[in-house]
Each structure stands twice: as structure tokens, then as C-alpha cells.
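Using the sequences plus the hints, can you model the full thing?
Next come the chains, spelled out residue by residue.
There are 2 protein chains.
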Amino acid sequence: MKRVIVVGAGFGGLDAARHLASRADDAELEVVLMDKHNYHTFMPLLYQVATSMLNVESIAFPVRALFHGKRNIRFLLAEVQRVDAANRKLETSVGTVEYDYLVLAGGSVTNFFGMDSVAKVAFELKNLHDATRLRNHILESFEKASRCDDPQEQKALMTFVIVGGGPTGVEFSGALSELIHHVLAKDFPQLPVQDSRIILVEAGDHLLTPFPKPLQQYALQHLKNMRVDVRLGNAVKEATPTKVLLKDDTEIQSCTLFWAAGVKAAGIGETLNVELQRGGRVPVTSDLSMKNYPDIFVIGDMMYLEQDGKPLPMVAPVAMQGGEYVAAAIARRESGKPAKPFHYTDKGSMAVIGRNAAVAFTKSFKMKGFLAWIAWLGLHLYYLVGFRNRAITLVNWAFDYIFFSRQVRLINKAPKDE
Amino acid sequence: MKRVIVVGAGFGGLDAARHLASRADDAELEVVLMDKHNYHTFMPLLYQVATSMLNVESIAFPVRALFHGKRNIRFLLAEVQRVDAANRKLETSVGTVEYDYLVLAGGSVTNFFGMDSVAKVAFELKNLHDATRLRNHILESFEKASRCDDPQEQKALMTFVIVGGGPTGVEFSGALSELIHHVLAKDFPQLPVQDSRIILVEAGDHLLTPFPKPLQQYALQHLKNMRVDVRLGNAVKEATPTKVLLKDDTEIQSCTLFWAAGVKAAGIGETLNVELQRGGRVPVTSDLSMKNYPDIFVIGDMMYLEQDGKPLPMVAPVAMQGGEYVAAAIARRESGKPAKPFHYTDKGSMAVIGRNAAVAFTKSFKMKGFLAWIAWLGLHLYYLVGFRNRAITLVNWAFDYIFFSRQVRLINKAPKDE
Numbered sequence: 001m002k003r004v005i006v007v008g009a010g011f012g013g014l015d016a017a018r019h020l021a022s023r024a025d026d027a028e029l030e031v032v033l034m035d036k037h038n039y040h041t042f043m044p045l046l047y048q049v050a051t052s053m054l055n056v057e058s059i060a061f062p063v064r065a066l067f068h069g070k071r072n073i074r075f076l077l078a079e080v081q082r083v084d085a086a087n088r089k090l091e092t093s094v095g096t097v098e099y100d101y102l103v104l105a106g107g108s109v110t111n112f113f114g115m116d117s118v119a120k121v122a123f124e125l126k127n128l129h130d131a132t133r134l135r136n137h138i139l140e141s142f143e144k145a146s147r148c149d150d151p152q153e154q155k156a157l158m159t160f161v162i163v164g165g166g167p168t169g170v171e172f173s174g175a176l177s178e179l180i181h182h183v184l185a186k187d188f189p190q191l192p193v194q195d196s197r198i199i200l201v202e203a204g205d206h207l208l209t210p211f212p213k214p215l216q217q218y219a220l221q222h223l224k225n226m227r228v229d230v231r232l233g234n235a236v237k238e239a240t241p242t243k244v245l246l247k248d249d250t251e252i253q254s255c256t257l258f259w260a261a262g263v264k265a266a267g268i269g270e271t272l273n274v275e276l277q278r279g280g281r282v283p284v285t286s287d288l289s290m291k292n293y294p295d296i297f298v299i300g301d302m303m304y305l306e307q308d309g310k311p312l313p314m315v316a317p318v319a320m321q322g323g324e325y326v327a328a329a330i331a332r333r334e335s336g337k338p339a340k341p342f343h344y345t346d347k348g349s350m351a352v353i354g355r356n357a358a359v360a361f362t363k364s365f366k367m368k369g370f371l372a373w374i375a376w377l378g379l380h381l382y383y384l385v386g387f388r389n390r391a392i393t394l395v396n397w398a399f400d401y402i403f404f405s406r407q408v409r410l411i412n413k414a415p416k417d418e
Numbered sequence: 001m002k003r004v005i006v007v008g009a010g011f012g013g014l015d016a017a018r019h020l021a022s023r024a025d026d027a028e029l030e031v032v033l034m035d036k037h038n039y040h041t042f043m044p045l046l047y048q049v050a051t052s053m054l055n056v057e058s059i060a061f062p063v064r065a066l067f068h069g070k071r072n073i074r075f076l077l078a079e080v081q082r083v084d085a086a087n088r089k090l091e092t093s094v095g096t097v098e099y100d101y102l103v104l105a106g107g108s109v110t111n112f113f114g115m116d117s118v119a120k121v122a123f124e125l126k127n128l129h130d131a132t133r134l135r136n137h138i139l140e141s142f143e144k145a146s147r148c149d150d151p152q153e154q155k156a157l158m159t160f161v162i163v164g165g166g167p168t169g170v171e172f173s174g175a176l177s178e179l180i181h182h183v184l185a186k187d188f189p190q191l192p193v194q195d196s197r198i199i200l201v202e203a204g205d206h207l208l209t210p211f212p213k214p215l216q217q218y219a220l221q222h223l224k225n226m227r228v229d230v231r232l233g234n235a236v237k238e239a240t241p242t243k244v245l246l247k248d249d250t251e252i253q254s255c256t257l258f259w260a261a262g263v264k265a266a267g268i269g270e271t272l273n274v275e276l277q278r279g280g281r282v283p284v285t286s287d288l289s290m291k292n293y294p295d296i297f298v299i300g301d302m303m304y305l306e307q308d309g310k311p312l313p314m315v316a317p318v319a320m321q322g323g324e325y326v327a328a329a330i331a332r333r334e335s336g337k338p339a340k341p342f343h344y345t346d347k348g349s350m351a352v353i354g355r356n357a358a359v360a361f362t363k364s365f366k367m368k369g370f371l372a373w374i375a376w377l378g379l380h381l382y383y384l385v386g387f388r389n390r391a392i393t394l395v396n397w398a399f400d401y402i403f404f405s406r407q408v409r410l411i412n413k414a415p416k417d418e
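Residue numbers (the numbering used here), protein chains in the order written: chain U, 1 to 418; chain X, 1 to 418.
Calculated directly from the structure, the hints in this document are not laboratory data. Please note that the accuracy of each hint is not assured.
One copy or two, it doesn't matter: identical chains are merged, so the pair holds either way.
Below 30 Å or equal to it, Euclidean Cα-Cα: the simulated DSSO-like pairs (lysine-lysine) are [unchecked claim]:
#  : residue 1 : residue 2
1  : Lys224    : Lys247
2  : Lys144    : Lys36
3  : Lys70     : Lys186
4  : Lys243    : Lys366
5  : Lys70     : Lys155
6  : Lys413    : Lys120
7  : Lys413    : Lys366
8  : Lys126    : Lys310
9  : Lys243    : Lys224
10 : Lys144    : Lys413
11 : Lys413    : Lys36
12 : Lys70     : Lys144
13 : Lys126    : Lys413
14 : Lys2      : Lys186
15 : Lys36     : Lys126
16 : Lys126    : Lys144
17 : Lys144    : Lys89
18 : Lys36     : Lys120
19 : Lys291    : Lys2
Put into C-alpha cells, the structure is as follows:
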């Protein structure tokens, strides 16, 4: 029986594994799904964990539970170290595994573009631990501010610099503003919380670059109304634990720098012995396999493929469509049928700015405000894997919506982190 | 204005603070509540977090949220290092604070009774981090077992030794049995999960010592039905990461030792310059204050007081009644009224053994089985602080009850722990 190894249980890997898994006893392929965590992380909502809105457990789902009753699939908790493409072997943290087909869906990591001082102090948001760490830090900054005598230091503790005006930066800024002005203001009655500052820095001239102009302007205006100080056409060039220096030499006293200004492909690509594209991405042919190693498929953020003259973006829908596609492509190869080229269908984008306010667009229409927010809510609930998570997420959101509260604001650290 | 410092936001400290807090602008006392965490932990349900049944966030509640609108209370995130009773000062991790009245409600820590080899490898369950660590370890043991070729090692990975036949040991054993045989058996279809062993070791001749005999026997029988191997009149004398040695020289190959066989008072008592009682507890007079320092009150697990010739037990109800009592005692002292002696009213005890099965008794009646389980459920939901936690806990429990599932089985570690 031929063995397919799928590396990564993100959106891409999970969809590949789901379409390869079978209830039949006589499945023709053996599937091994590998990840360094035993759960799938619903990454679009990490910012809500970081802002005390959702439980860690509401956006994570145990991988094994997704494959109950499927006969041809195994999960392996392991981290990939190297692909030995010539010998069809994978070196992992728990030993070497052989494959006939390999699906690389390792996702991406934060890209600091070589800015060491920023990388050292900035917070990022790529996994559950990042989200808990950022949540702890925000809440601790307010605790520190509450027992601080120096007004300057106090202000720095309540100043938050966010870099990157894409969906993550915009959504995080909005959620942080609500956390601070609606919740922490009540938690810390002795603190001048109204002096707290959220500064969103974006290098380009617009927020939410791929969105239509009216939606960009709506987002900008709405964030301003929420007291977010948006600095377009600017960038961060240096940082210390208490200061952020912008490109235009503005110096901001701030104890929190959140970096949402770039990602690059996960490191496994570097072991593939092939020239990588921009952002460390692995070039693939039209069936998402590698030119020199047709038994290796690459999907999601790790994959580099152009469509209509432009590289496909590093977003969840590209990964999910890629995952479903490779499952079919492998099946076609096994039955000797020719490959159909992969085609990505852009279904549009959305971003939530705050309570009642979101922007969304597809090819044929665009919307903003409350309706867009309801659409966003529905879509995200729908995609959240598993009924129970959906129920709990709904309870959380409903509660939050009705009572303007954030119950999850725990500083929950391992003793080693303390 | 006189200042009362309450140390510890457990059951005792929280109840003291609640009864001292006031909405009035002209309150006569300033209250400072101190804890090293910014949340209250609902400790009776830690075992459910450790067995993947409840979210970490479902049993923790941000302390500041409990005092919205109260004018005379402040929360201080800090750890007490030393009481300077002579000068009415408290040395803490964030500096020195002066007090007029001090309420010590620091709770307890695990007592390994000087058994170093056991202390080194055993898991305990005194806080959220312990619970996450134990959950991670149980799930990881099954992950390791699933890729293990050596049948002996595989069996050791699936063997769990629990020490202590009190409520914690009994409740954990039952919940672990359900996790393993109803959930992990489906997650790991390739593993011989039926060979997994849960061994509950109790030094006495009975489980649940303070309970009436018929309930003890019911608990024992029910645990046996759930495939828990109960060893009465035995004890653990040594342990390594892969082996547990019992008093009768039985050697058990096991990679998990959970210690629920004893607690001792938190360490602050040692800085009080007074002779401590058994378990490091601080002796108090009939109004819960110290003989030599009448402005220091001690409540909960830290307090040593005899009633009807026996020391009061280290359980939540004693702490809660003590908390409410000292708030009144301080008010009486301030208004020059004489103190009434503290009297603990024992309202009974309960323990849950598994789905549908619990035991409960008071002075006037005892019950077991489904009804006791319903009573347990109702009482715990009632006590869980805050509506939202209650709603989420209910959703979790309902889901679990209907679908026999455990959705929270994440191995969620900080990178440093990995």
C-alpha cells in the first residue's frame, strides 16, 4: 500500500487529509498526518484569544477527533526536520518515516525582514502560545501600570504599537480598543485608562490593501472613532522593550510592539534543495507538485504559484483549495489519469473592525457595517471545526456582545515564564 | 482610614474581601486583596481540566471583575514573601505594604512528607498550571505509546498510579477512566487501550474516609466497575519516571504518578515567628486571630483551630465560612463590640465518581448514584463564580454527557516546556 504523508494540520493539510481519509477497509492509500501539535488551530481568531475574548480551547480542535472511524489514516505527533527527497524519506523529531507521496503544508512563520531589534521585543501571533503570551503581556502591563508612580512609565505601559494594516493588524487594533475602553477601564478604576494609546503603523497608503477603496476608508474611519491612531506611510525601524522608533524618526514610548507586517514560508522548504521564491516559498508546477520531485506536493503558505501573472496570496482559502486539490491529484495519478491544473477561485475577503463593524467583498458585491459583521460571524462559526467549539464560541460571543465583557482575561503562565 | 490586606484570592480570601468590599463612598476600611494570579481558581474542578473535560478558562475568574463598582477595594497582583508582624508590614514581590489588619488566606501546597523521589516525579493538582501539565502528560503518554514498539514500555505509558483515596483521588480516577475508555480508545484505534491500567493507592482501609460506610463501599464498587484497580492499606514509598514502588514491595511499571495524598499550609506561615501546628498550620484563637498578633487573622487551609476536640479540616467550606466571619469580626472590632467565637457548620460532603454516579451526605441524610450526581452538578454550577463560566461549563458538561466526548484534549505547552 502506498503511503501519503501530509505535513501540517493547518487549513491546507487538514483538508488534504480529510479528502484522502476513507472509511473503507480496502482503501488504496495509507495516510499519515503529521503535526507538532495534537490540535488544529483556527488561526483567524488568534487575535480574539490575545484580546481575552475567546478561550484558547475554543479555537483549537484535537486532530485525532476529526478522523474517528476513518480506517486508512494515522496521526503522528512530530516535527519535521528534513526532507530527504532523493530517498523519499522524512526525518522527524521521532525518527525517520518513508513516503510515496509527500504533501508539504507547513504554513508560515513571522517575517521580521532581518530587523533584529524588532524581532527581539515584538510579539507575534502565529500559534496558541503566542496568543496567550500576548494576552498575558497586555493584562500584566495594566497591572504594572496600576502600581506605577511615574506618569511617563505608566503611559508607556498603556501604549500599544501595532505594525501592519492588513486584516490581522486591523482586527487586533479594533479588539484591543474594545478590551481597553470597555473592559479594562472598569477593571482599573484608579488608572487613567482614557490616556491609553493604540497606534497602528502601516507602510502603504491604505489599510487592508486588497480591499476596494470605500471599504478601506470605512475601516480607517471606524478605527479612528475607536481611538486607534493610524499612521499610514510609516514603518517601524527599531525597537527596545520600552521604545519604538518609526521610519520618520518619531519615538514612541511603548512597552508593547505587535508585529503583523509579514510572514514567510516555514523552514522545511530550505531542506528541499531547490531555489526558493520570495518569502522562502517553494515553486510548484500547475498540479502543485515540485518539478524535480513530482511525488512532493506543496500547498498553502509554503507554495509559490502564479495565477494570472501574480503569485497566489498566503491566505487560508488558497491552502484549503490546495488541500482538496492534491487529494484528488494523487488519486488521479494512482489511477493513471492525467492531472488537471490547479485553479484558485477567489471568493473574496472580510475583516472585522469591531463590535457591529466589518468589511467584506467578493467579485460581485461589497458590504460594510453591521451586515458585514453578521456575515463574518456566520462564516467563522460555520468554519470553526466541530459542533462543540461552535456552541462555546457562540456563548462567548453572545455574552460579550450583550454585556460588553471579556471574561477570559487571565494571566495564565507556566511558572517558568513568570 | 485603616487598611485591611487580604492575602490570597481562594475561597477564604475572596469571601473575606467580598464581605469587606463596599459600594459606599464613605467606607471605613480600605481593602487590598492580593494574589499572585489575577484570577480565582475554582479548585474542586481542577481534576476535570486535567482529564480534558473542562477548559482552563471555565474554572478561573478574573478577580478584578468581581469588584466592579466597589469603592474601597483594590487588587494587587503580587506574591507575599514575609510578614513583618511587629511592624505591621508585608514584604511582597512588588515592594512593602503596610496594614492595620491582615487576613492570611494563602491556602495550601502539596505535602510529599519528605519523600524526595516521589516529589521529583509525581504530578500534583493545586493550580491551573498543574492541571494543564497533567493533561499534557496524559495525552502525550498515549501519543508516545502509539509510536512505541516495545509492549512493556507501551504498557507503562498507559499505566497511571494515583495516590490518595480522598475526593481528589477518587474523582480523578473516575474521570481518567472515562477519558481513557470512552474517548482515547476512539482516538487511538491502533492501541490496545483496554490494557491501560489505573491503580488507586490508599493507605487507609477505606476510600473517602469521612463518608458513611455504605457510601464508601458504593464508591469502591463503582470504581472497580470502571476498571480502576483500588489498593487499600497500601502506600507508595519510592518512584522513578517509569516505576512506582509500593510499601508491600510491589513494583509497578508506570510513567504517571499523581499525588493526591496530602497538603500542608502555604509557606508564609513560617515567617510569623510562632510555633506552627501539624501541616504547618497557624494556631488561632476563637476569633481566628493570632494570640500574639490580634490584628492578624488566619483562615482556610492555613489556619489551625480545634472544634469539638478535633482540628477543623482543610476544606473549602471552612475557608468560606472563615472568610465571611473575619469580615464581620473586623467590623465588630472597629465598632468596639466584643467578638463572637467562630463556629464552623459542617454542611456535609460530596464526591463524584463518574458519569451519573456520586456520593453525598449531610448530618441528616446520605445519597448516592444519579441523584447525588445531579445534586453535585447543581451545587458546583451554583458556586462557579460568574454567569458566563456557568453557561460555558454547562455547555461543556451537557455536550460531554450527551456525546461521551472530551473536546479539550489539547497538548498545550509553552515552547520552553517542550
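Please sort Lys413 with Lys366 into within, between, both or neither, judging by C-alpha distance up to 30 Å. neither (42 Å within a copy, 41 Å between copies)
Homomeric proximity label, Lys224 with Lys247: Cα distance no greater than 30 Å: The answer is within: 22 Å in one copy meets 30 Å, while 69 Å across copies does not.
Could you place Lys291 and Lys2 in one of the four classes (within, between, both, neither) given a Cα distance threshold of 30 Å? within (21 Å within a copy, 78 Å between copies)
From the Cα coordinates, with 30 Å as the cut-off, is the pair Lys243 and Lys366 best called within, between, both, or neither? neither (39 Å within a copy, 64 Å between copies)
Is it within, between, both or neither when you check Lys126 against Lys310 at 30 Å Cα-Cα? Intra 25 Å, inter 55 Å, cutoff 30 Å: intra-copy only.
Taking 30 Å as the upper bound on the Cα-Cα distance, should Lys70 and Lys186 be classified as within, between, both, or neither? between (50 Å within a copy, 11 Å between copies)
Is the C-alpha distance from Lys144 to Lys36 at most 30 Å within one copy, between copies, in both cases, or in neither? For Lys144 and Lys36, the Cα distance is within 30 Å only across copies (13 Å; inside one copy 35 Å).
Given a CA cutoff of 30 Å, do Lys413 and Lys36 count as a within-copy pair, a between-copy pair, both, or neither? Both: 21 Å inside a copy, 11 Å across copies.
How would you classify Lys413 and Lys120 at a CA-CA limit of 30 Å: within, between, both, or neither? both (20 Å within a copy, 21 Å between copies)
Copy assignment of Lys2 with Lys186, given that the CA separation must stay at most 30 Å: between (60 Å within a copy, 25 Å between copies)
For Lys36 and Lys120, with the copy left unspecified, which applies at a CA distance of at most 30 Å: within, between, both, or neither? both (24 Å within a copy, 27 Å between copies)
If the cutoff is 30 Å on CA atoms, where do Lys36 and Lys126 land: within, between, both or neither? Let me know, please. Both: 14 Å inside a chain and 28 Å across chains, each within 30 Å.
In terms of the numbered hints stated before, the structure departs from hints 4, 7, listed from lowest to highest.
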